[in-house]
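Position chain B relative to chain A; hints supplied.
Chains as they are written, first to last, in my numbering: chain A, 1 to 153; chain B, 1001 to 1173.
One or more hints might be untrue.
Chain B stretches covered by chain A per the calculated footprint, using a threshold of three residues with CB under 8 Å from any CB of chain A [claimed, not checked]:
#, segment
1, 1049-1056
2, 1060-1071
3, 1081-1087
In silico DSBU-like pairs for lysine-lysine, Cα to Cα no more than 30 Å straight-line [unchecked claim]:
#, chain 1, residue 1, chain 2, residue 2
4, A, Lys28, B, Lys1079
5, B, Lys1142, A, Lys94
6, A, Lys30, B, Lys1079
7, B, Lys1135, A, Lys94
8, A, Lys114, B, Lys1122
9, A, Lys94, B, Lys1122
These aren't lab readings, by the way, just hints derived from the structure by calculation. Fair warning: this is a prediction, and the values are worked out from it, not measured in the lab. Glycine residues also receive a C-beta, built at the ideal position from the N, C-alpha and C atoms.
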Amino acid sequence: MDAESLSGLSAVAVTVDTPVGYELQPIKKKALIQLMGSRLWGRFNPNHWDPIYARATGLAAPIQTGEMNSAYLFEMCVNHFGAAMYENARFQCKYVASTLADEVITTHGTVRQKQPRGDGFRFVVDVWCDNEAGQVKSVGFVEVDVGVEESAS
Amino acid sequence: MSDQELRPLTSIQRLQTREFIAELEQECQTYWDMVEVGDILSRDLTITPELVVLYADAVEDFNPWYEGWTMNSWRKDGKSPFGTAIVPPMLLSHFILSVQFDHRKPFAIGSIHTFHDTEIVKPVPIGATVTITSKAVDKFIKRDRRYLRHEVEITDTANGQLYLRETRDIMSL
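So that you can see chain B by itself, here it is in the shape it has in the complex:
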């Protein structure tokens, strides 16, 4: 399939794309060089209804339990077996990326997430603020490829409730 079939663009869109990519590449370094074993990074994330919709729409998951926002009514409590609307657990897993790639450093372009082992402990109500804490526990080479392993915990920022635990590997350039 041609590029134009995959992603049709006019000349001005092509120019904007190349400019955006040039910005991304400006100061990048490899993830391998960016991380040392023992590094701990932590950030808080408030999971708004709009964030959940953005996540779920891209994977075409229209589970009504995730709906704390609908067109016309906008924000609402929603319903799930746990009371109000809940967060897709894989959204939490997805956002770990934003923590383990230190946002204060140049972005480690070209890294690939290869593995996760996720323990889903409790459902997270939409609107909760969670603390995502990621610790680098290993750097290893397997079949000539460089990997970094992190152990992660996601807790409720207000009361410390553990929501999710995960071990995950990233392959670095």
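Chain A extracted, bound-state conformation:
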């Protein structure tokens, strides 16, 4: 059994036969303030890691950079689309509500459309993430080719 089988990713890989309406497997991440404020992420802006500063600017708690949610959504898509996510793909995302420190974020995705392209399809997938209460934090879509390159070669 190879690593892909062990991780279960082969079972969720999207193929040309995957139907519209297919739901991607979610992933969960906790908005940990220590990660939100790490040097490569929010350290430059105390709104991302300092509760006192965040309150002074009107926030209930430090907020995670929206780009962390983008990273979560992208990871979910890689689980399903694999290498196709790294070439001729598109990812549009709006940050519609702040992710507060300590919230648990769950990603979601649903195949909205399959546009014929060569012998394959360009999949359009609605993606979003929300917190434990179902409040949507980020919303967007992904476009990714499945089976297109193989048919062209």
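Chain B in isolation, oriented as in the chain A frame:
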């Protein structure tokens, strides 16, 4: 949740935190005032294996395709469907921030990234040096909030290969 539960600190850590924040606030101005439509900023970034690890660990993405550095062996070529280890595309998107906020000016504290539309053209091998070029294309007000729009291209510094294109909005104080 209390501050101490969120981020437990002793008195010396609290003091260090307040000093750090005071430094950040010293010369800040709003992003709206900092940028004019038509401004173009460009910087080169070498994406080292360590940079990728720092990025990926914070979002707990342990995809082995991103591993050009592991504990004990340290730097290595790594493996991915494209040959050697590759850069998470959203790392590239994340680093645009470091270009569009002109590092030679006071930092525009309080700005919020609200939107991106990203075209991922080609995978980037870890170790590549990329050129990030960001152009301010619009300043607009929506629901009494001030936004700035940038169009960005990321190319290979050595051969000009286009890796990523992005339109992104920042909300300014």
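Here's how the hints hold up against the structure:
Counting residues of the segment 1049-1056 of chain B whose beta carbon lies closer than 8 Å to any beta carbon of chain A gives 3, which meets the minimum of three for the stated coverage. Requiring three or more residues with a Cβ within less than 8 Å of a Cβ of chain A, the coverage given for the segment 1060-1071 of chain B holds, as 4 such residues are present. Counting residues of the segment 1081-1087 of chain B whose CB falls under 8 Å from any CB of chain A gives 3; the rule of at least 3 is met. Distance hint between A/Lys28 and B/Lys1079 is fulfilled; the C-alpha atoms sit about 26 Å from each other, no more than 30 Å.
Between B/Lys1142 and A/Lys94 the alpha-carbon distance is near 15 Å, which keeps this suggested pair within the 30 Å criterion. Taking the CA atoms of A/Lys30 and B/Lys1079, the gap is near 28 Å; set against the 30 Å cutoff, the hint holds. For the given pair, B/Lys1135 sits about 20 Å from A/Lys94 by alpha-carbon distance, which is consistent with the 30 Å threshold. Between A/Lys114 and B/Lys1122 the alpha-carbon distance is near 22 Å, which keeps this suggested pair within the 30 Å criterion.
Distance hint between A/Lys94 and B/Lys1122 is fulfilled; the C-alpha atoms sit about 23 Å from each other, no more than 30 Å.
Checked against the numbered hints above, the structure violates none of them.
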